[in-house]
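Novice: Given next are the chains, with one letter for each unit.
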Amino acid sequence: MANSAVSQSTNLEPQFHEEAFPWKHIIGYVLSLVLTGAALWCALGYHLRGSALIVTILAMAVLQIVVQLFLFMHLTESDGTRAHVWTICLGFFFTFVVVAGTIWIMSFGSQVA
Amino acid sequence: MKNFFVTGDPMIYASDVLIVLVLVGIIFTLTYFKKWGWLWREWLTTVDHKKIAIMYLICAILMLFRGGVDAELMRTQLAVPNNHLLSAEHYDQIFTTHGTIMILFMAMPILFAMFNAAVPLQIGARDVAFPYLNAVSFWLFFFGALLFNISFVIGGSPDAGWTSYPPLTELQFDPGPGENYYLLAVQISGFGSIATGINFMATILKMRAPGMTLMKMPLFCWSVLASCIVILFAFPALTGALLLLTLDRVVGTHFFTMLAGGNPMQFINLFWIWGHPEVYIVVLPAFGIYSEVVSTFSSKRVFGYKSMVFSLMAIAVVGYLTWVHHFFTMGAGADVNAFFAISTMCVGIPTGVKVFNWLLTMFRGRIRLNLPMLWTLGFIPNFALAGATGVMLAAAPGDYQYHNSYFLVAHFHQALIGGVVYGMLAGMYYWWPKLFGFVLDERLGKWAFWFFNIGFYVCFMPQYELGFMGMTRRMYTYPANMGWTTLNFISTIGAYLMGIGFLFIGAQIVYSIFRGQRDLTGDPWNGRTLEWSLPSPPPAYNFAQIPHVQERDEWWRIKQAGLADAYRKVNLNELEPIHMPKNSGIPFLMGVSFFVGGFGLVFGWTVVAIIGFAGVFLCLLARSLQEKTDYHIPVSEVQQTEISLGRA
Amino acid sequence: MAVMEQTLKDLHGAGEHRKPLEYTHGGSVNILGFWLFLATDLMVFATLFATYLILKTHTDGGPTAAGIFDIPGYVAETFILLTSSFTCGLATYSMRKNAKAAALTWLAITMALGLAFVGLEASEFAKDVADGATMQRSAFLSAFYTLVGTHGAHVSLGILWMASLFFQIARRGFDAVRARKLFVVGLYWHFLDIVWVFIFTVVYTMGVR
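From first to last, the protein sequence lines are chains D, V and P. Those letters in the first sequence? Residues 192 to 304, per this note's numbering, in order. Those letters in the second sequence? Residues 310 to 957, per this note's numbering, in order. Those letters in the third sequence? Residues 1117 to 1325, per this note's numbering, in order.
It is possible that some hints are incorrect.
Said to hold, decoys possible - What the simulated footprint calls covered on chain P by chain D, stretch by stretch (three residues with Cβ under 8 Å from a Cβ of chain D suffice, anywhere in the stretch; the number is not a length):
no., region
1, 1161–1172
2, 1310–1318
Claimed, not checked - A few chain D residues facing chain P, derived, Cβ under 10 Å:
no., residue
3, P213
4, L224
5, L226
6, A234
7, Y237
8, M251
9, A252
10, F263
11, M264
12, T267
13, E268
14, L281
15, V290
16, T293
17, M297
18, S298
To be verified - Here are the computed lysine-lysine pairs in the DSS-like style, where the Cα-Cα straight-line distance is at most 25 Å:
no., chain 1, residue 1, chain 2, residue 2
19, P, K1216, D, K215
20, P, K1297, V, K937
21, P, K1216, V, K937
22, V, K615, V, K937
If you're looking for bench data, these hints aren't it; they were derived computationally from the structure. Note that beta-carbon positions come from the ideal geometry of N, C-alpha and C, so glycine has one too.
Work out the full structure, taking the sequences as your base and the hints as a guide.
Specialist: Set out below in structure tokens:
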């Protein structure tokens, strides 16, 4: 966004260097499989229960998001990075506000079904 | 089909006749003067932000009239006890349409008129980031508003309040098409609002002229940025709430019903997750306008720029965290109510910072009392009172007393009229010459201001008192022995005075079109920001050459350095072809399709609804397959334009 | 769209040559705009999640989460969608290598996986409805079908969008516009994967426990 003083190049053809083999994608895919498998193992194998289970599988979901954002969605790449990161951080902040806030507000007496 | 047209009320028959006459008049005029092609080429297909601003402004003024007539009818109904001027059903419809129109079809479009009029010019851009999407937003708003307004002659208006709370709004209690109109019209125009939020956020982040860092940006742009952040994160909650209620009514789900485990309070929760931030969506840009106006008409830099920016952002975020104060009486518990009471009071702090900054900007300034400044000065005591009564309402235990009383009615009108309407009128007077090339007449404008401002206090001060005396919101009529008669009568007189004020604004616009002082300099107010360096109205491409910005009040700096005349001269040999977006008819057609689809759903006519929404998909596809959506204005044409504007 | 940015970029003197193709010629404005859209879409899902979470116990004596969720079914859906996110990423990767045939192949595989996902979900829904678990039965079921169905509708729309793009790329190859469109549809697809991870965790896995 800022007035960057990059030296003028006469070569207008974009020459972005992508890695030679898609390591990032493969690592991301393996990580997402492992995280999903681990969540299933904890839950369906009855290895954890109660709030420990909830915290653990939510943590794995958050890690999955990190994998998607950084390894697949190229969040921190090229220009506009700061705006992208701000957008997504605010998005998750307000998502948390809406979901957690709603549960907190609406879980008063009459809510026990 | 029997109840397709609303029948039985002489006022509605009169409106039917008027609507037909106006339509015939418009069609005749356009045909007689052979203006259909002009209408299509210059307006219906335009993607120029300045023209979109004008269309938003015209719609907003018309909607202010419609909502204002609703208000006058309500006040007339309440002027004396045991009144039956309106039927109870008609009264319910009128307070519903008044609220919905004023918030969603008056405040939002006049806001977007200001965004479009000023933001690209202030940041030195040639248009917004997505000009085509900007047109889509406008037409979604337009056809949403149209869908909402035809309810009053076709099928019947919604009648459950602008907040549309279930279970009253569930199908079994409110079977007519009115609620469906509300849900679909607000949904359609809401899509447009979200798109506008995205558009202006991208515009401000990406399209600023070189040298204009964020901290050199005019405060109005900062306020738009703050407002857009709130739009982005609040409007989807409305989308969700309306979607779920629509499903309840159309599909028969049980989100908010009393049966099968539904929970009506969840609608209210979702509605206010949008509804309270909505207040900040509309008021933050008004704050931005006050900042511009105070600084310009005091001929001083704005006092405390950084604290202004910080408080805008603080209001945007903290204002999001206050929504439960609209339903303290649900009884969520002491912890919940205490949290939201405190967060609500906290919003007062950054707002107070802004008020003191405006006062200190005026302090020892050379103040000129032109119309924008007059409305700004009128705003300050208004908003101080709105804030004080707001803190009273924020105290959760106290709120159990004031909840849904006329005290509340007076409070939010003071915030929304005193804060938003005054601000938008100030902005309208301020940027009118930039949009149209002439200044609005000061004398008629002062009549308008004094009628409106005095009328405002006469109308709403008694309502605080009436609230304390137990009069509740949305009350159709009242017995004579309550002791409310005198205050209600005074309040009605105030409403009429405000109505006269509005008529003066109308007269002022008509008079000024013919007799208004033409703005030949492009800088009628001795302004400080870049839009005043351009001719009024600016050419389609705004800036023949994109400026390089050095300071916050860039145009003021140029004038102080004595460079204004030189700056206004364009060097014809340095011009380059200008890259611009092409006009497109697709946004208009997409709006029509949404209208048809929405209308079909309102009456449950599946085939019509499918045709409409298929049209929407076709429009999306057609746009996706379009190849050349842009063109270059050749240098020769830019040269000619600049010469004809006297800038070469 | 974002047509005037090129001029601004020239004035800024920013080096266009350092960026991937999709970010050039105004594309970076569109990409930012799409991130902003994703934030709003995320908020729509936030409201649906919030509603589901407060209504999930409101079964009104009807079917419960543990009663209707089919474990092999939703696990299969999850792995299919995760794989499609990976193949979609490879389509973007191939695009950056300017390997048109590879990009189209990965795009086709992504669409096929997406169709398999939607098909599995639809058959799961159909089975539940046949068992009497309709969305009109209880608040829990209304919220469940609406949340998961909204995600499924997004996936279906994504498939249509990819199909339109598939033909555009097949006809014209990669230029700045096509590159940007493929990148953006990729963002959309990965975003739907993120939403699904939460549906998988909060709705299904917590539901069957």
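Novice: Are the hints correct? Go through all of them and say.
Specialist: Verification of the supplied hints:
1. 1161–1172: holds (count 8)
2. 1310–1318: holds (count 6)
3. P213: 5 Å, holds
4. L224: Constraint on D/L224 satisfied, holds at 7 Å.
5. L226: Holds. Min distance 9 Å.
6. A234: For D/A234, the interface hint holds, since the closest Cβ of chain P sits about 5 Å away, which is under 10 Å.
7. Y237: It holds, given that the least Cβ distance between D/Y237 and chain P is near 8 Å, below 10 Å.
8. M251: Given a least distance of 7 Å, the restraint on D/M251 holds.
9. A252: Holds, about 4 Å.
10. F263: 4 Å, holds
11. M264: 5 Å, holds
12. T267: Violated - the Cβ of D/T267 stays beyond 10 Å from chain P, reaching only about 12 Å at its closest.
13. E268: 8 Å, holds
14. L281: 7 Å, holds
15. V290: The hint holds - D/V290 has a Cβ within 10 Å of chain P, the shortest such distance being about 5 Å.
16. T293: Because about 4 Å separates D/T293 from the closest Cβ in chain P, which is inside the 10 Å limit, the hint holds.
17. M297: Holds, about 5 Å.
18. S298: 7 Å, holds
19. P/K1216 with D/K215: 20 Å, holds
20. P/K1297 with V/K937: With a Cα-Cα distance of about 15 Å, the restraint between P/K1297 and V/K937 holds, given a limit of 25 Å.
21. P/K1216 with V/K937: 23 Å, holds
22. V/K615 with V/K937: 43 Å, violated
Of the hints listed earlier, those the structure fails to meet are numbers 12 and 22, in rising order.
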